[in-house]
Amino acid sequence: MPKIPQHNFKGSLMVVTRFAPSPTGYLHIGGLRTALFSYLWARKNGGKFVLRIEDTDKARNSEEATQAILKAFEWLGLEADGEITYQSKRDDIYAKYIKQLLDEGKAYKCYMSKEELTELRETQMANKERTKYDGRYRDFDGTPPEGVEPVIRIKAPLSGEIIVKDGVKGDISFQAEDILDDFVIARADGSPTYNFVVAIDDALMGINEVIRGDDHLSNTPKQIVVYEALGFDIPAFYHVPMIHNSKGKKLSKRDGATDVMAYKEMGYKPEALLNFLVRLGWSHGDQEIFSMEEMIELFNPKDINKSASIYSTDKLDWLNAHYIKNTPNNELVELLSDYGVVLTSHDKKEILLDALKERAKTLKELAEMVNEIVIAPESYDEKAVKKAFKGDPIPILNAFGAKLTNATELHLPSDYHALMEEVVNEMEIGFGKIGMPLRVALLGKMGGPNIDVIMAVIGKEETLLRIANAITANS
RNA sequence: GGCCCCGUCGUCUAGCGGUUAGGAUCCAUGGUUUUCAUCCAUGUUACAGGAGUUCAAUUCUCCUCGGGGUCACCA
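Numbering (my numbering), first residue to last: 4 to 478.
Simulated from the structure, these hints should not be mistaken for laboratory data. We treat Cβ as the ideally placed atom computed from N, Cα and C, and that holds for glycine. One should not assume that every hint holds.
Listed below are the simulated DSSO-like cross-link pairs for lysine-lysine, each with C-alpha atoms no more than 30 Å apart in a straight line [to be verified]:
id : residue 1 : residue 2
1  : 250       : 47
2  : 252       : 305
3  : 267       : 135
4  : 112       : 102
5  : 364       : 386
6  : 61        : 51
7  : 250       : 267
8  : 406       : 51
9  : 436       : 406
10 : 390       : 360
11 : 102       : 74
12 : 99        : 135
Computed spacing ranges between beta-carbons, pair by pair [unchecked claim]:
id : residue 1 : residue 2 : range
13 : 106       : 182       : 25 to 31 Å
14 : 162       : 89        : 20 to 26 Å
15 : 74        : 255       : 44 to 50 Å
16 : 377       : 471       : 15 to 21 Å
17 : 449       : 218       : 48 to 54 Å
18 : 216       : 414       : 53 to 59 Å
19 : 381       : 412       : 17 to 23 Å
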């Protein structure tokens with residue numbers, strides 16, 4: 004059987020995309036978005052979405068960071084295809100291509116010392132010229148200076164036009180003399196550099212659609228130089244505009260709340276975060292809510308915006324509230340266990356969650372709301388007491404307590420509501436006269452779901468207890 | 001500074017020569033509610049500026065301004 008070169012994907016219909024983070028920290032919200040776009044595009048086309056860990060910078064990389072990225076992917080349900088590729092394990096591959104380029108005369112050893120390089124740059128800067136390597140060893144065939152370990156530089160075109168065909172921004176033309184020089188592909192210690200290995204890996208892994216941040220746009224011509232030197236096919240590029248912070252700068256780790264897993268802790272659901280991110284820089288008419296199935300069906304990188312967007316989480320809150328509202332209660336019970344609330348055996352959890360899930364923006368909030376009801380108040384909000392105990396609510400509360408004590412068959416909120424109505428009618432008062440003090444007695448503050456719901460959830464005995472406590476504490 | 005990209009409500013966006021410039025979010029107001037929230041209704045707010053091209057420009061071209069990205073033996 005003839006061996007098919009891995010990098011030859013011409014004629015192949017399979018879309019292969021990738022996400023290639025360098026493991027220097029957690030998964031970032033911006034990285035997640037490009038990962039999501041890549042994932043969606045691969046899934047839509049029945050292709051592959053592969054993960055490559057760019058861990059060549061031994062000083063800054065950590066296994067921990069790799070695990071953090073994987074964990075975030077797992078939480079979000081983004082699944083990569085096949086084995087994960089680690090660049091750190093591919094040195095022999097890169098060495099082979101460096102040698103090939105050297106043998107073919109497409110790359111050469113440069114014996115310029117770091118000091119000389121710095122000096123050159125400073126001179127160029129002083130003359131207001133573009134700083135670039137001057138090619139002094141490009142055609143060198145003399146005796147190399149002693150004591151200098153050479154770097155390997157690639158012979159880049161000295162002139163001409165390089166066109167990046169970008170699916171988001173259109174064709175972008177660069178002049179070789181403006182942006183290229185013979186850049187380093189291997190350091191003095193022999194290790195390969197980023198623009199070199201990215202091109203090789205993408206080609207070897209069969210990646211034919213590269214979706215990445217547009218901060219890579221200016222790297223692309225360099226990578227194209229590598230593709231061409233090695234005879235690889237150039238993939239389609241989609242350079243996604245940056246996400247900016249409120250100051251209009253590229254979102255960075257310093258901006259806070261950019262760690263994807265922090266969103267879990269804050270109580271966001273994966274589908275809300277994904278939905279939020281897919282709409283940042285991409286849209287499909289007026290549609291705001293997208294299930295994963297819809298995203299896969301409708302996403303196309305051609306529809307990605309050209310302009311950067313500012314990161315603001317207003318809409319994320321709205322989406323999260325929407326998804327919480329539409330989550331079945333049994334699922335919520337499970338989710339809440341991550342936020343310190345165990346409702347598994349609570350007999351009124353359906354009533355409770357039906358009432359609360361309409362009100363929560365995050366799962367964390369939902370957990371707090373549950374606790375506020377399930378756990379008796381330890382203190383009473385001063386303002387609420389002042390307002391609710393303004394008249395003399397104690398006779399009313401006592402009247403209600405008496406009815407409660409005698410009542411049987413109390414199950415639903417409506418059962419408790421009926422008792423409240425009886426008191427209101429008999430004492431000829433407004434609903435607020437009993438509602439407000441009762442609310443303060445039960446929760447220690449104003450706000451919250453309907454009182455009858457609260458009582459149904461905590462039950463008759465607990466209700467009586469809280470009423471009694473409130474009377475003692477506030478009379 | 002060189003090179004490259006971008007510019008519609010505060011924010012996310014629709015628009016692809018002719019629209020009262022649409023939706024969403026946020027905010028405000030009203031309704032519903034014993035409270036708060038939800039929900040419903042209503043409202044305020046945008047084509048960066050200037051020249052062209054055209055019968056007609058938010059839409060096409062150029063310039064200006066503004067913003068961003070990138071210029072390593074980091075990735």
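Verification of the hints:
{"no.": "1", "hint": "250 with 47", "result": "violated (35 Å)"}
{"no.": "2", "hint": "252 with 305", "result": "holds (24 Å)"}
{"no.": "3", "hint": "267 with 135", "result": "violated (46 Å)"}
{"no.": "4", "hint": "112 with 102", "result": "holds (11 Å)"}
{"no.": "5", "hint": "364 with 386", "result": "holds (25 Å)"}
{"no.": "6", "hint": "61 with 51", "result": "holds (29 Å)"}
{"no.": "7", "hint": "250 with 267", "result": "holds (25 Å)"}
{"no.": "8", "hint": "406 with 51", "result": "violated (66 Å)"}
{"no.": "9", "hint": "436 with 406", "result": "holds (16 Å)"}
{"no.": "10", "hint": "390 with 360", "result": "holds (28 Å)"}
{"no.": "11", "hint": "102 with 74", "result": "violated (38 Å)"}
{"no.": "12", "hint": "99 with 135", "result": "holds (27 Å)"}
{"no.": "13", "hint": "106 with 182: 25 to 31 Å", "result": "holds (27 Å)"}
{"no.": "14", "hint": "162 with 89: 20 to 26 Å", "result": "violated (38 Å)"}
{"no.": "15", "hint": "74 with 255: 44 to 50 Å", "result": "violated (21 Å)"}
{"no.": "16", "hint": "377 with 471: 15 to 21 Å", "result": "holds (18 Å)"}
{"no.": "17", "hint": "449 with 218: 48 to 54 Å", "result": "holds (49 Å)"}
{"no.": "18", "hint": "216 with 414: 53 to 59 Å", "result": "holds (56 Å)"}
{"no.": "19", "hint": "381 with 412: 17 to 23 Å", "result": "violated (31 Å)"}
Of the numbered hints stated above, those contradicted by the structure are hints 1, 3, 8, 11, 14, 15 and 19, listed in ascending order.
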